[in-house]
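Visitor: Once you've looked at the hints, dock chains G, L and H against the given chain R.
There are 4 protein chains.
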Amino acid sequence: MSSEFGKILKVSVFGQSHGTAIGVNIDGLPAGEKIDLEELQRFLDRRRPGKNALSTARSEADKPIFLSGLMEDTTCGAPLCAIIENSDPHSKDYGELASKPRPGHADYTAWVKWKGYADMRGGGHFSGRLTAPLCIAGGIAKQILARRGIYVGAHLQVVGGLADQSFPPAPTLELFREVAEKPFPVLNDQAGEQMQALILSAKEGLTSVGGSVECVATGVPAGLGDPMFDGVENRLAAALFGIPAVKGVEFGIGFAASAVMASDSNDPFAVRDGSVFTETNHAGGILGGITTGMPIVLKVAVKPTPSIAREQQTVNLSKMENAKLTIHGRHDPCIAHRAVPVVEAVTAAVLLDLLLEGNHGTF
Amino acid sequence: MSSEFGKILKVSVFGQSHGTAIGVNIDGLPAGEKIDLEELQRFLDRRRPGKNALSTARSEADKPIFLSGLMEDTTCGAPLCAIIENSDPHSKDYGELASKPRPGHADYTAWVKWKGYADMRGGGHFSGRLTAPLCIAGGIAKQILARRGIYVGAHLQVVGGLADQSFPPAPTLELFREVAEKPFPVLNDQAGEQMQALILSAKEGLTSVGGSVECVATGVPAGLGDPMFDGVENRLAAALFGIPAVKGVEFGIGFAASAVMASDSNDPFAVRDGSVFTETNHAGGILGGITTGMPIVLKVAVKPTPSIAREQQTVNLSKMENAKLTIHGRHDPCIAHRAVPVVEAVTAAVLLDLLLEGNHGTF
Amino acid sequence: MSSEFGKILKVSVFGQSHGTAIGVNIDGLPAGEKIDLEELQRFLDRRRPGKNALSTARSEADKPIFLSGLMEDTTCGAPLCAIIENSDPHSKDYGELASKPRPGHADYTAWVKWKGYADMRGGGHFSGRLTAPLCIAGGIAKQILARRGIYVGAHLQVVGGLADQSFPPAPTLELFREVAEKPFPVLNDQAGEQMQALILSAKEGLTSVGGSVECVATGVPAGLGDPMFDGVENRLAAALFGIPAVKGVEFGIGFAASAVMASDSNDPFAVRDGSVFTETNHAGGILGGITTGMPIVLKVAVKPTPSIAREQQTVNLSKMENAKLTIHGRHDPCIAHRAVPVVEAVTAAVLLDLLLEGNHGTF
Amino acid sequence: MSSEFGKILKVSVFGQSHGTAIGVNIDGLPAGEKIDLEELQRFLDRRRPGKNALSTARSEADKPIFLSGLMEDTTCGAPLCAIIENSDPHSKDYGELASKPRPGHADYTAWVKWKGYADMRGGGHFSGRLTAPLCIAGGIAKQILARRGIYVGAHLQVVGGLADQSFPPAPTLELFREVAEKPFPVLNDQAGEQMQALILSAKEGLTSVGGSVECVATGVPAGLGDPMFDGVENRLAAALFGIPAVKGVEFGIGFAASAVMASDSNDPFAVRDGSVFTETNHAGGILGGITTGMPIVLKVAVKPTPSIAREQQTVNLSKMENAKLTIHGRHDPCIAHRAVPVVEAVTAAVLLDLLLEGNHGTF
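Protein chains in written order, with my numbering: chain R, 1 to 363; chain G, 1 to 363; chain L, 1 to 363; chain H, 1 to 363.
The shape of chain R in the complex, shown without the other chains (with noise of 0.2 Å):
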């Protein structure tokens, strides 16, 4: 199932860009969870475009219309299907593009799986649009993690090389809550007018600038995930490089591991009130695939939007020659803040996936 994750919890996306609605199907949702749609809708809200100049300027309300699974509010242990209307396509923006690749985009490859049948409407089932119906799945989630003490949060970490700080080794809901709040998601307010104002400077160069989220979940109990490929760094990689943009995920001390010896790496195991804990947590919360009880925490690249203003090379597939390409329409000059919501999303499912799961080492 290519546009599907989970093993327990099975979230499935479905829609193009312009098609008339984009929707997911969450099969295995505990029963008796009651979703507070109010709450999900604020979530949905930090994904949304069209709220200020930092973000494409195409207007959705995104509303989910829940077909199936909920009884009143609450989960009746059905599949839950949930679907967003398509309002504000502009379909006419796009159509150069059946026949010219946007570099950077998956118009290309698309066209050579599906032979000239795709959607390529604003990038059809390839686009940044189909994180909404992720951001119900992971809003739900959410909120049935939090219910069980699990909190998961993040932030934009850098973009364009102007970095945040990180968040500290065992963040609060406060604070997570305080970063979801911001319209611009920073822990440092001062990094995030820099950032800001790099993004717009890259907007007025008809340009774009990448960036990179770090997430973090708390209150995750030591003993999920299994061994060496089905461990909980497989399972969220496995999530996390299915959203649209993401070239790399690493956990933990990641690739700062390739500058460092074993004293800045290995994390001292200590107890305190019983229970084992590591002091330092380069780990990122997994060893061997396993939760170690400590924060889960992870960071994920984000590259510059491929759509920008500016004229770029490709060809033309009609006439296989060369052809310049003008991107008109809508575009956002970074997508790595509006992701801050998706991984989180992402990040909520997988862990809710593995909790379901359980830890069956014994009986």
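What the hints contain is simulated information worked out from the structure, not anything from laboratory work.
Don't take every hint at face value.
Stated by the list, open to error - Straight line, CA to CA, 27 Å or less: simulated BS3-like cross-link-like pairs of lysine-lysine:
#, chain 1, residue 1, chain 2, residue 2
1, H, K115, G, K115
2, L, K34, R, K319
3, L, K115, R, K34
4, L, K7, G, K7
5, L, K51, L, K203
6, G, K7, G, K34
7, H, K182, H, K203
8, G, K7, H, K115
9, G, K203, G, K324
10, G, K63, H, K63
11, H, K115, L, K7
Guide: Same frame as chain R, but now just chains G, L and H:
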């Protein structure tokens, strides 16, 4: 299945560091593929320990015994199971570890998961030794891919912050072979000598050092992989994070994406000899999860070997109190260089799986 | 994923009998396949209730609304999601059932699984109504298969012990069409009249009657399916048991095998026009889990509709005491005849999945 | 994975009839489970050939060698791999078969799939001999289930149309043991003697005879399994059709459903000692794919051994012409009685998988 990856070609690894044997079961290999067993052995020898001061002194012949799946030396379609007998375990070196988890190892999470029943001798099923059967699978996959013009090569990119040069945009089979035959797998031997000096100095300092590996696959046809969660990046990452000590995976521009503008991230399309290519390859050969036909380029971060000879702080799990631990026995002062063929192996196995699945985007 | 089947082509069903909508998400359809929506509707109408006294009076138009995956009427490679709105639920008919599980239904097991949060109105997600979206998937699969010369047909084999004749060894498309167009899908209309009389007499007797369905697929190439647990029988059975009320699945000679000698079970091979066939087809087109190239022949047992108007003994789950139950509302005195297109649908979807996967036994 | 089944507990079988060894890799076994190796051997001996005139004269000790997954005799959480060396292959008996497929065997489909590279000696990977490693997995599963009060037993239900009596509604462990210890596993020994006479007469007539097996599991908690396609019936059927020669699987009333009214098919609910049960068990312990808490009852049809000593018609695949074939060597005049422990084994492994997954319907 925790110790398995793949969809059409399934690679399943079993065994513990100090058990009777370790091995791999490969289900879904095409029939009629002759395996050059000497070439396979040479590939396994690249990973094999005990060759010099840069790796553990544990000496293992790593000769595979084929139990099934071959007629003479040719695949017959049935699952191929191959085992390696453990000849030099030295289990007594690990006695104390049963109750004192080694920082940075999976000892503690194994204990949480399997409640003291885990085989903790030498890391048990989490041992780096399990990468030997992975190399059997990958070595076979490399031979089958090579017959179709697909070549996979890797080199040590960084050790302790010291960097080798990168692969050129289109590395040749000769270059791959040249690096593979070196005792220390780098492109620039001067950089390699500095790295080796650093590793030996880490060894003298009773510590270890991390690194990263760059891996490239050439000749991969466009159109493999599927959108969103069943893409080439998702499947490669899910498998690569199964290699012990890997903490990060990136494709193409990877985390550098967070510091650049679209002009350094988009790859212009062009036509040459009637086919489409990109003039740069920041995408690492993958757009929208689907191969572009350009080389696949990925990097993997490998943490410093957690087993070091210095005294470390840990806990005594039977007494639930803080404790000191000094690990004796034989250990690698760096595992990044030994990870080079393992990254090749896993990449090759995943690519063969994708190739067998083929592009069923249209009939 | 509980409500999903398939490997390359994934069919995922959602919705509850009395919810907002029911639907299907089909991931992995090849692009470029034109769907004849009128033909699809005719197929759906074969399953649709409310047409005569032989089935429930619940009247549903069963008109699919396509949310994604189509450009005009042609598949575009993205997941195809189609829904059917529930127009005639009559939920009040089911009030008492919330605490009194209907014998033979999944009410009790749903209650055990979802602890009273289950949507028990009309059987919820377990309702036979969920076979409508299955028929959307299967109807599309049938069109795609037919374009490749693969035809799937079915008829009612038995009702209440009264048997129709069996399909001839190599049924033609014309025969499949002829049966499909009949209001009561049997080969022998005289047998069909007796069956209908029995169904009506069961209705008058406030009970219901069971039956079985025979399904045949012609034109299936040899070599599909894999050994042991990923064979054609395994995959078809796993999907067919997902049809509500199915209690048995057999291939070729099936359970009759237990009464015969090898001479009535082995199929002699022979050569005709340079290709191999078997002179009989007791194997039902499958040997060792792999297709032989002969027609696939299977039978499915369908139990009597559990909802009957007679008073039955059950329990009151809130009081944990014995209770009497009389089910009001609209029910089918037999569902085996309505299962005929559903068995076709599921068989077609699984065969398309196998065909898309193809034979990768050798490169 | 073609030769694998299971979701949490994965059972993967490898080997060919005349290869070096056959074996099983079991991933996901809970740790801390002591395996009584003598009891396991007794279970394997029930399937072992060469004991009397009713089965093939091929003599195999079928002693498993454990390569991984055990510490002493207790599971350690790592994948358990066990092999059986092939000691008595007699490959020369099979020479002619390389080009002449045996009717009723997978020789022809293996040839189509693997283009002549298949190991056709003794049926290769399709051989009934592969059920020995299945019995290792199932024998271990049976011990783990028994410790939780879940017992699995089976008997030969029918041979050549001659029927044994059925299991009583709630068979005891003692009854299961009694049947298991009989050299010919039937409930009614008089019926058993008639069956044996029929098998011996088939042998004398140079043919073979089919049969069926009834299997029951008691003590299974209510609430296991998931709706539609991940139900208990789906998962059991998918695995049971992996046993060579199985052509039908039914649960509870099974195909008899097609001859009855709802009164003979619905099971009235009742309360006893504060818990719910059904007074009859036509559902075979499963409603809506989910266990009811009543015994699971299933039947499996086993075709006559395809290898018979009579001359049969086949084709010469290298010359593509009709040919005659007389199979020499050692063959079973019936395999249904030897399938009895195999059906138990597969049923037990699937039930342990379901039990490990547990009921995550609510948190």
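Visitor: If a hint holds in the structure, say so; if it does not, say that too.
Guide: Going through the hints against the structure:
no., hint, in the structure
1, K115/H x K115/G, "49 Å, violated"
2, K34/L x K319/R, "25 Å, holds"
3, K115/L x K34/R, "14 Å, holds"
4, K7/L x K7/G, "9 Å, holds"
5, K51/L x K203/L, "15 Å, holds"
6, K7/G x K34/G, "22 Å, holds"
7, K182/H x K203/H, "21 Å, holds"
8, K7/G x K115/H, "22 Å, holds"
9, K203/G x K324/G, "20 Å, holds"
10, K63/G x K63/H, "25 Å, holds"
11, K115/H x K7/L, "24 Å, holds"
The structure fails to meet hint 1 from the earlier list, while all remaining hints are met.
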